[in-house]
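Protein sequence lines, in the order shown, are assigned to chains A and B. First residue of the first sequence: 18, per the numbering used here; consecutive thereafter. First residue of the second sequence: 18, per the numbering used here; consecutive thereafter.
I should point out that these hints are in silico values taken from the structure, not numbers from a laboratory. Cβ atoms here follow ideal geometry from the backbone N, Cα and C, with glycine treated the same way. Nothing false has been slipped in among the hints.
Here are the computed distance ranges between Cβ atoms for each label pair:
1. B:Gly242 / A:Pro156: 40 to 48 Å
2. A:Ala110 / B:Thr67: 40 to 48 Å
3. B:Ser178 / A:Gly268: 47 to 55 Å
4. A:Pro72 / B:Ala257: 51 to 59 Å
5. B:Gly268 / A:Ala110: 34 to 42 Å
6. B:Gly94 / A:Ala137: 30 to 38 Å
7. B:Gly287 / A:Ala285: 53 to 61 Å
8. A:Ala64 / B:Pro328: 48 to 56 Å
Part of the chain A face toward chain B, derived, beta carbon under 7 Å:
9. Pro123
10. Thr124
11. Phe146
12. Gly195
13. Ser238
Covered stretches of chain B (chain A as the covering partner; in silico rule of three or more C-beta atoms under 8 Å from a C-beta of chain A):
14. 34-47
15. 115-127
16. 139-145
17. 148-161
18. 190-199
19. 250-257
20. 263-273
Number of protein chains: 2
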Amino acid sequence: MTMHGSRLGIPVVWHEDCLRHQPGGEVWLGVREDGTEVPERARVILAALTAAGAPVVPPRPHDPAALLAVHDPALVGHLATVWADWEAGGYPADYGRDRVVPYVFPTAAMLASLPLRTPAAIHGRVGMFCYDTMTLVGPGSWEAIRAAADCARTAAELVASGQPAAYALCRPPGHHAGRSGYGGSCYLNNAAIAAQALRAAGIDRVAVLDIDAHHGNGTQSIFYGRPDVFYGSVHVDPGAGWFPHYLGFAGERGDGQGLGANQNIPLAPGSGDERWLDAVGQLCAQVRTAGADAVVLSLGVDAAAADPESPLEVTADGYRAAGALIGELGPVAVIQEGGYDLTSLGDYVAAALFGLQAGQAAAAAG
Amino acid sequence: MTMHGSRLGIPVVWHEDCLRHQPGGEVWLGVREDGTEVPERARVILAALTAAGAPVVPPRPHDPAALLAVHDPALVGHLATVWADWEAGGYPADYGRDRVVPYVFPTAAMLASLPLRTPAAIHGRVGMFCYDTMTLVGPGSWEAIRAAADCARTAAELVASGQPAAYALCRPPGHHAGRSGYGGSCYLNNAAIAAQALRAAGIDRVAVLDIDAHHGNGTQSIFYGRPDVFYGSVHVDPGAGWFPHYLGFAGERGDGQGLGANQNIPLAPGSGDERWLDAVGQLCAQVRTAGADAVVLSLGVDAAAADPESPLEVTADGYRAAGALIGELGPVAVIQEGGYDLTSLGDYVAAALFGLQAGQAAAAAG
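With these hints in hand, go ahead and build the complete structure from the sequences.
Next comes the structure, spelled out in structure tokens:
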């Protein structure tokens with residue numbers, strides 16, 4: 018990676034259990050596709066970062082309390098047991114039901130004025146937690162979900178203990194998972210777990226910056242009413258027909274004590290580097306104004322030009338420049354989110370981290 | 018049909034457009050199946066009823082106001098245009114997307130505290146209205162949905178104008194459709210449209226009795242806060258793992274002014290005639306206590322022993338006896354709901370209507 022002119026010093030927090038989640042595809046508009054959130058993503062990123070010289074460190078083991086600080090115990094319990102329940106339910110795998118997929122969803126259109134109650138059967142219950150048909154669960158999913166959360170928490174703790182930056186190679190990703198529900202190929206919210214870990218370590222003001230190509234509706238919803246964690250996101254406009262469709266609009270500014278601590282910048286498809294970096298710059302300016310003692314960066318690289326899941330057309334140089342802008346803000350715990358083009362994924366992540374390293378060095382040099 | 022010892026005099030309201038809805042299957046737990054809510058159902062029932070001597074009458078044409086009395090205009094608008102929107106969206110039919118199937122659903126787990134807003138793209142928007150993956154829309158669906166609603170309304174108007182009983186051969190069925198949403202193979206709520214038509218014709222107190230094997234969550238939700246329309250249902254216990262999973266429990270008794278005007282009797286799988294008829298009798302007793310000037314009967318015959326969609330094991334004689342009990346209550350507009358065993362479906366519907374006719378005759382005699 019001589020193109021970056023230096024060695025990547027940011028530690029990579031990684032556990033092989035993150036490979037154990039094999040969603041086996043996703044169901045989009047009633048049809049099962051191969052899907053793009055595959056274990057190979059993590060392998061490609063790990064190869065690029067180790068080739069760049071980054072040290073790899075293991076996560077600290079699982080602490081349930083760290084999950085429960087941002088997630089409903091019912092969601093965590095569901096994710097821990099849903100595969101076993103599915104197997105016990107006897108849904109015939111030979112008819113394609115080899116993964117957990119919901120079919121009925123307790124929306125307001127269904128429930129009307131009645132309260133939500135938990136269904137007895139897992140095939141009815143799963144739609145209470147999982148809000149789409151894209152986010153399948155299989156035999157090794159829970160182990161990977163837990164390992165990804167551990168990686169996120171460990172990266173945050175490294176930063177809290179003085180490391181300027183640490184990167185969690187989380188898979189599955191997390192930013193679409195809310196306090197009580199999962200979707201968008203996300204199960205537990207790794208970025209929220211990291212932000213909460215920073216708060217728990219005594220850091221007063223945390224900013225989550227989300228540069229994944231999609232809005233991080235889960236992270237937004239978890240911190241929507243809180244003034245201590247700012248959430249800012251640049252993403253493809255859900256109003257242009259993109260996931261998560263229902264959320265991610267500019268008018269969503271937070272609620273109650275959190276009013277003003279949420280900022281979305283939706284971009285038109287095809288925006289490219291200039292408009293994207295302008296938005297990243299606006300978010301950084303807001304973080305400076307709001308004040309943040311540490312940053313969590315939700316690093317999805319699916320804004321990449323070659324990515325099959327978004328139309329934002331951002332280059333690797335764009336990600337490097339974004340990393341530099343964010344690195345100037347202070348200490349950063351980086352959480353891997355999306356990014357699905359296996360040929361360019363590793364280079365994009367490396368570019369963002371090299372940019373971050375350079376931005377932090379420049380800021381330190383004053 | 019000499020086994021019934023008489024000719025069926027109840028008029029059958031029927032329109033051929035009800036055959037135009039060809040859902041093309043249903044997606045259950047991520048896999049598309051052939052489905053059981055097929056046009057042949059209506060043909061089989063029509064053949065049995067005409068063989069029994071019943072007169073067939075056409076529905077009065079569409080009156081949008083009649084739909085809007087029980088449904089949100091946004092739902093009606095969605096159903097009227099969703100297929101055209103889908104076609105315009107260019108979802109490739111050659112990959113199996115020949116029908117409208119949602120993939121993301123704005124549940125509380127997704128939205129958290131944020132308000133529901135209508136997505137721009139139809140593939141995101143459909144999950145706001147359709148709460149499951151079982152209820153597909155295709156080219157002729159709207160014409161059938163509208164025709165079924167017309168049949169229901171016409172049957173109610175026949176009853177309001179003095180006919181002791183009228184039967185609407187509705188397809189698709191309706192009792193899972195709520196004010197703002199659809200699911201469970203139902204789109205508009207034919208029974209609710211009939212009940213509202215009775216009210217609009219000046220009938221003060223209406224009772225909807227629902228003997229479909231599944232809970233009519235849509236009808237319940239539409240009238241949940243109203244004292245003028247009683248809703249009573251016997252169905253397989255959703256707590257035993259049956260659709261609609263989230264609703265249909267005994268504790269749901271209505272709300273506000275409607276408190277006490279809702280009664281669910283969930284039954285265990287395998288209950289059979291005796292327990293089922295006991296529940297029907299309890300519902301009839303409640304209707305007598307509450308007082309009703311006319312009854313809407315949601316006649317699903319999927320409690321049939323041979324039905325593939327429920328485990329209640331009720332015989333045709335059971336349905337005849339239920340019809341007799343309900344016929345004794347007064348004038349009845351009968352709305353076809355479920356029933357999926359094509360070999361016995363016609364006989365079951367005929368048995369229920371002969372029972373109803375006999376019950377009304379007995380009550381008139383004395």
